[in-house]
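For chain A, the structure is supplied; the task is to place chain B on it using the hints.
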Amino acid sequence: MFSITLSLVTLMTSCATVKSPLSGVWYTDVKAPFAVTSNANSTKVGSSEATSILGIVATGDAGIDAAAKSAGITKIHHVDEHSTSILGFFAKYKVFVYGE
Amino acid sequence: MANSQIKMACKARHLFIVSLLFIASTINGQNISKYYNSSLQGNGTLYFIFPQNGFNNNKINGKLTYDITYLTTNDSAILNFSYYEKLDRTIDSVAFISGNQRFSSSAKKIFIETKKNKWHYRYSTSLLFKELNVFFSATDDAKIILYTQQGTVELNIKTKIWKKQTSVTKKILTLIKYNQ
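Protein chains in written order, with our numbering: chain A, 4 to 103; chain B, 75 to 254.
Extracted from the complex, chain A is given alone in its bound form:
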């Protein structure tokens, strides 16, 4: 019974993966560029995110549109992404939109 539980837990870890240019098996906390436009200066920032638990349940809207909309941004200057994951149990993907 213990072996089965251990196997299940082992199987379940590392399931919650996240999009990232670099990733760690145990821990990931990476910020990276996503996109840049020719628009000048930013005065507003909007964010959006999606999360995954054990790779079983994944929810959220980490879209550029959702992030821009949350701050009322109509002209996008640049977009960054931030990926976090802990032991494959929990993963979060955030998008930050800068603009005006």
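Each hint should be verified, as a subset may be incorrect.
Said to hold, decoys possible - Below, in silico cross-link-like pairs of lysine-lysine (DSSO-like), each with a Cα-Cα straight-line distance of 30 Å or less: (1) B:Lys160 - B:Lys182; (2) A:Lys72 - B:Lys238; (3) B:Lys137 - A:Lys95; (4) B:Lys237 - A:Lys22; (5) A:Lys78 - B:Lys251; (6) B:Lys204 - A:Lys22; (7) A:Lys78 - B:Lys232; (8) A:Lys95 - B:Lys204; (9) A:Lys34 - B:Lys133; (10) A:Lys34 - B:Lys244; (11) B:Lys182 - A:Lys22; (12) A:Lys22 - B:Lys189; (13) B:Lys251 - B:Lys237; (14) A:Lys78 - B:Lys108; (15) A:Lys72 - B:Lys251; (16) B:Lys192 - B:Lys251; (17) B:Lys238 - B:Lys133.
In short, the hints are calculated from the structure, not lab data.
Quick look at chain B alone, frame taken from chain A:
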């Protein structure tokens, strides 16, 4: 058979302890870098304090999350907030109260949507950077009051959550002041 199970249990226990130590080392209450972003602009530095929640009204099952954007060359900071409730409302203004300090500001609609069985009201308001500092410096319990055409909505926050939010946000605001 029993021997191998004991060995496996020991290995699993070691892995569990190492994992806990690793998680404990990464979860540091004063590590503020995971609570904000900064971006260098032509006209100053743009700071974004990530969305925070905890303000609720349990009677009407309303909850509020807010984020803060501040450009160092401006006097005021933008405070965008999302308010979720079943009733449909028109928000006119918002008041931030902590201790005996009270700051009011008009609220500008960004959008209104539905989320599951609730309304999602997304509004924007602004506060002077000085006022923001005072609001997050108070150690007393804080509350946010929404003034709507359908009546006022009082949102409270648990003391433990508020203490953590003020400690993090105050530190970020101090960092901004040093870099101005």
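Do the hints match the structure? See the list:
1. As the CA atoms of Lys160 (chain B) and Lys182 (chain B) are separated by approximately 20 Å, the hinted pair is consistent with the 30 Å bound.
2. A hinted pair counts as satisfied when its Cα atoms are at most 30 Å apart, and Lys72 (chain A) with Lys238 (chain B) qualifies at roughly 28 Å.
3. For the hint linking Lys137 (chain B) to Lys95 (chain A), the alpha-carbon distance of about 22 Å falls within 30 Å, and the restraint holds.
4. In summary, the hint linking Lys237 (chain B) to Lys22 (chain A) is not supported, as the alpha carbons are separated by about 33 Å, beyond the 30 Å threshold.
5. Note on Lys78 (chain A) and Lys251 (chain B): the hinted pairing holds, with a Cα-Cα distance of about 28 Å set against a maximum of 30 Å.
6. With a C-alpha separation of about 39 Å, the suggested pairing of Lys204 (chain B) with Lys22 (chain A) is violated against the 30 Å cut-off.
7. For a cut-off of 30 Å, the pair hint linking Lys78 (chain A) to Lys232 (chain B) is broken: about 38 Å separates their Cα positions.
8. Annotation: proposed proximity of Lys95 (chain A) to Lys204 (chain B) is violated, straight-line Cα distance about 33 Å (limit 30 Å).
9. Annotation: proposed proximity of Lys34 (chain A) to Lys133 (chain B) is violated, straight-line Cα distance about 39 Å (limit 30 Å).
10. Restraint check for Lys34 (chain A) and Lys244 (chain B): satisfied, since their Cα atoms lie roughly 23 Å apart, inside the 30 Å limit.
11. Of the pairs offered as hints, the one joining Lys182 (chain B) and Lys22 (chain A) is violated, with about 35 Å between alpha carbons and a cut-off of 30 Å exceeded.
12. For a cut-off of 30 Å, the pair hint linking Lys22 (chain A) to Lys189 (chain B) stands: about 26 Å separates their Cα positions.
13. Between Lys251 (chain B) and Lys237 (chain B) the CA atoms are separated by roughly 21 Å; this keeps the pair inside 30 Å, and the hint holds.
14. This hinted pair checks out: Lys78 (chain A) and Lys108 (chain B) have alpha carbons roughly 26 Å apart, not beyond 30 Å.
15. Restraint check for Lys72 (chain A) and Lys251 (chain B): satisfied, since their Cα atoms lie roughly 29 Å apart, inside the 30 Å limit.
16. The suggested pairing of Lys192 (chain B) with Lys251 (chain B) is violated, with an alpha-carbon distance near 38 Å, which exceeds 30 Å.
17. Restraint check for Lys238 (chain B) and Lys133 (chain B): the C-alpha separation of about 24 Å stays at or below 30 Å, so the hint holds.
The structure is inconsistent with the numbered hints 4, 6, 7, 8, 9, 11, 16, although it conforms to all the rest.
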